[in-house]
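Asker: Chain residues, written in single-letter form:
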Amino acid sequence: MMFDPQVIIQKLPEIGSGLFVTLWLWVAGVLGGVVAGFIVATARRFGGFVVNTLLGAVVEVLRGTPFLIQIFLLYYGGPFVGLMLDPIPCGLIGLTVYSAAYYSEVFRAGYASVPHGHVEAAECLGMTRLQTIARIQIPEMALIVLPPAINLAIILLKESAVLSIITVPELTATVSAIGSQQYAFLEAIFVLAVTYWIIVELTDRLGRQAEKRLSRLRFSKA
Amino acid sequence: MSVPAITIRKLVKRFGETTVLQDIDLEIPEGKVSCLIGPSGSGKSTLLRCLAFLEESTSGMITINGEALGFFEDANGKRERLPAAQIRAVRAKTGMVFQQFNLWPHMTALGNVSEALKIVRKVPKAEAEERAMTQLRKVGLENRAGHYPSQLSGGQQQRVAIARALALEPKIMLFDEPTSALDPELTGEVLNVMRDLAAEGMTMVVVTHEIGFAASVGQQISFLDHGRLLFSGPPAEIFAKPRHPRLEQFLDTYLDRGASMLA
Numbered sequence: 022m023m024f025d026p027q028v029i030i031q032k033l034p035e036i037g038s039g040l041f042v043t044l045w046l047w048v049a050g051v052l053g054g055v056v057a058g059f060i061v062a063t064a065r066r067f068g069g070f071v072v073n074t075l076l077g078a079v080v081e082v083l084r085g086t087p088f089l090i091q092i093f094l095l096y097y098g099g100p101f102v103g104l105m106l107d108p109i110p111c112g113l114i115g116l117t118v119y120s121a122a123y124y125s126e127v128f129r130a131g132y133a134s135v136p137h138g139h140v141e142a143a144e145c146l147g148m149t150r151l152q153t154i155a156r157i158q159i160p161e162m163a164l165i166v167l168p169p170a171i172n173l174a175i176i177l178l179k180e181s182a183v184l185s186i187i188t189v190p191e192l193t194a195t196v197s198a199i200g201s202q203q204y205a206f207l208e209a210i211f212v213l214a215v216t217y218w219i220i221v222e223l224t225d226r227l228g229r230q231a232e233k234r235l236s237r238l239r240f241s242k243a
Numbered sequence: 003m004s005v006p007a008i009t010i011r012k013l014v015k016r017f018g019e020t021t022v023l024q025d026i027d028l029e030i031p032e033g034k035v036s037c038l039i040g041p042s043g044s045g046k047s048t049l050l051r052c053l054a055f056l057e058e059s060t061s062g063m064i065t066i067n068g069e070a071l072g073f074f075e076d077a078n079g080k081r082e083r084l085p086a087a088q089i090r091a092v093r094a095k096t097g098m099v100f101q102q103f104n105l106w107p108h109m110t111a112l113g114n115v116s117e118a119l120k121i122v123r124k125v126p127k128a129e130a131e132e133r134a135m136t137q138l139r140k141v142g143l144e145n146r147a148g149h150y151p152s153q154l155s156g157g158q159q160q161r162v163a164i165a166r167a168l169a170l171e172p173k174i175m176l177f178d179e180p181t182s183a184l185d186p187e188l189t190g191e192v193l194n195v196m197r198d199l200a201a202e203g204m205t206m207v208v209v210t211h212e213i214g215f216a217a218s219v220g221q222q223i224s225f226l227d228h229g230r231l232l233f234s235g236p237p238a239e240i241f242a243k244p245r246h247p248r249l250e251q252f253l254d255t256y257l258d259r260g261a262s263m264l265a
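Heads up: the sequence lines are chains W and G, in that order. Quick note on our numbering: the first sequence kicks off at 22 and runs consecutively. Quick note on our numbering: the second sequence kicks off at 3 and runs consecutively.
Some hints here could point you the wrong way.
Stretch by stretch, here's where chain G covers chain W in the computed footprint (C-beta under 8 Å, at least three residues) [said to hold, decoys possible]: (1) 142-150; (2) 222-230.
Here are a few chain G residues that sit away from chain W, every Cβ distance over 10 Å (derived from the structure) [to be verified]: (3) Glu29; (4) Leu56; (5) Ala70; (6) Ile121; (7) Ala242.
FYI, nobody ran anything at the bench for these hints, they're computed from the structure. The beta-carbon is built from N, C-alpha and C at its ideal position, and this holds for glycine as well.
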């Protein structure tokens, strides 16, 4: 068996369309997860004991079970409760919910890292609770969570490969199909690894760039 | 004798089983610098935080310019929490400076100082920034207005924090160990700003370990130990002939550290 790049080059248009599906599912899943995760974390932080406990339980279940199982449940279990989803919407919902759970934890840790003294300073200056949350706690939290948020986005890109199991025509599904049709498994897996790695690397660079630019807005030295 | 700026009556603060402040009675005179000294854990910071209403006292009463702060307690010790709006109004009479500066890192020096003017006092942006600049000039940092806290030294950060508190024109300034987090060579610039404030007649309550500052600028020195106010009086009295054994012991540790010129 020889490593034959020709097989792959012929199929570039197909691979491109798989890559496109992966990218948009990923971006949508991350954005949806950031928004929902932010709402969940903020509600947990400021919404009182009951809200915190209830949402906390949901987050624990989502973090405590494998993504693959969640996707199976949604795709194959959904019809039993009248929820018939096509692969792509199912994948999008699954990825968003999963990423929301993790993003909410990132934001929760971020809120906890805002020094209490910064809040006390706002209180002493007469700011209301809501003003303090909006003007001090949310912006400071957002700056603190930037590195872990980028890191989570990277993890989610790789997790999105799981969606191939429910026949979402994303990168992994497309390339493995090509591999089995052409008996070119090694080439296919190689292309997959390199493609994911390139996206991860670009995301990481982008994140570092943003971090650098925002570094002066981070913690003051005491 | 005018009305005291702050009157503290029978103030008690407990955290669970632990009594941190026990029956504190103290009057802080208007226009003077009042220093709270004492060993770690003596309750001096807690007392100051009660004055800022960052801690709620367990019993007793604090009045600021004759108005009750947080709680009203009648002669029988019946206690009543005052409405939030009133608490806010009385708190607005004080400005607080923290040991850790507590500047907001995502705002420039000018942003930090003008924020409460804009958000709380609803002053238009341009005017708020103009007033903030005046305060920054006062602490000698007008050329650092556009810097973020991470770009400022500790001493500069603390001076911005002082300007931030001053911007709302409080009647009384509270300082919680304002130089304790600073390198020795940076404490001077902060103490100088505080000296200028004192010279202007600002009422100041200063929790400090800077015995030299307390001796030279303080006009009333209060010594706390184990949650009790053991002594309060003018610096000449307290430093020249310490009478309480605990105070003597406490000051000795400073004399050991080269502050003997005070004795």
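Asker: Run the structure past the numbered hints and jot down the numbers of the failing ones, going up.
Answerer: 2, 4, 6
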